[in-house]
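Can you make the complete structure from the sequences, with help from the hints?
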Amino acid sequence: MEREILIIQQVVGVFRLYGIRSLSLEEIAKLINLTSHTLRKYFRTKELLLLKCVTYRISQEEIFNNADECLPDMMVDFVEVYPELCGKLSRRCCLEIKKYYHDVFHFLDNFLDSYAVACRDKVEDAIVNGYVRPTVSPHLVYTFFSKHWSNLFMPDACSFSLSESLEITKRIQAFTREIVTIKGQIYINEKLKNRSYNEAD
62 MEREILIIQQ VVGVFRLYGI RSLSLEEIAK LINLTSHTLR KYFRTKELLL LKCVTYRISQ
122 EEIFNNADEC LPDMMVDFVE VYPELCGKLS RRCCLEIKKY YHDVFHFLDN FLDSYAVACR
182 DKVEDAIVNG YVRPTVSPHL VYTFFSKHWS NLFMPDACSF SLSESLEITK RIQAFTREIV
242 TIKGQIYINE KLKNRSYNEA D
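Per this note's numbering, the sequence shown starts with residue 62, numbered consecutively.
Here are the simulated DSS-like cross-link-like pairs (lysine-lysine), alpha carbons at most 25 Å apart as the crow flies: (1) Lys231 x Lys244; (2) Lys160 x Lys107; (3) Lys231 x Lys254; (4) Lys159 x Lys113; (5) Lys113 x Lys91; (6) Lys107 x Lys159; (7) Lys113 x Lys102; (8) Lys252 x Lys231; (9) Lys208 x Lys231; (10) Lys160 x Lys113; (11) Lys244 x Lys254; (12) Lys107 x Lys91; (13) Lys208 x Lys159; (14) Lys91 x Lys102; (15) Lys160 x Lys208.
Here are the simulated distance ranges between beta carbons: (16) Asn190 x Arg101: 48 to 56 Å; (17) Thr230 x Ile93: 33 to 41 Å; (18) Arg101 x Gln234: 46 to 54 Å; (19) Val178 x Lys244: 19 to 27 Å; (20) Gln71 x Gly191: 43 to 51 Å; (21) Leu86 x Leu146: 25 to 33 Å; (22) Thr204 x Val142: 14 to 22 Å; (23) Gln234 x Ile119: 21 to 29 Å; (24) Glu251 x Leu67: 36 to 44 Å.
I should point out that these hints are in silico values taken from the structure, not numbers from a laboratory. Every residue gets a Cβ at the ideal spot worked out from N, C-alpha and C, and that includes glycine.
Right, here's the structure in full:
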């Protein structure tokens with residue numbers, strides 16, 4: 062298992078540098094200094110290898126490992142991680158997955174949609190606990206998250222700059238201010254302050 066993970070880590074880097082579609086399994090093996098036979102022993106097809114890479118990348122992102130948090134916590138995670146995630150992802154890879162690797166895209170699309178659904182399902186509790194305004198609908202929250210995940214696969218997202226990252230952050234913050242109560246904003250501000258202290262330490 063350790064060797065499989067090491068191979069996946071190397072291949073993730075290869076995909077980021079060269080894209081996905083242009084490389085055969087044989088070429089991937091050569092780039093990571095393996096024989097084709099060894100690579101095929103772990104991954105029979107390139108699509109299986111790609112799926113394993115996607116699954117691995119998901120497991121490495123903290124935002125996807127905190128689905129049990131309350132909605133304000135998830136908003137804090139999102140405003141901190143999503144702009145950074147946009148910068149780290151290779152948009153070429155995202156577009157290639159959507160266009161040429163339908164099973165992998167279907168898996169990824171379902172996974173990201175399940176995240177949006179999880180946020181939607183936390184709206185009622187957040188309202189009861191006084192963090193979110195009573196007028197906020199679960200569908201509004203679902204649409205917000207779903208749209209942002211879908212944007213990762215848009216053709217016009219192939220380039221990414223610092224100014225775009227700041228603009229995305231501002232949009233997320235603006236949406237958060239629209240849906241939370243004063244209590245919710247205080248909770249979020251305290252959460253962000255604590256994280257800043259932890260990072261400084």
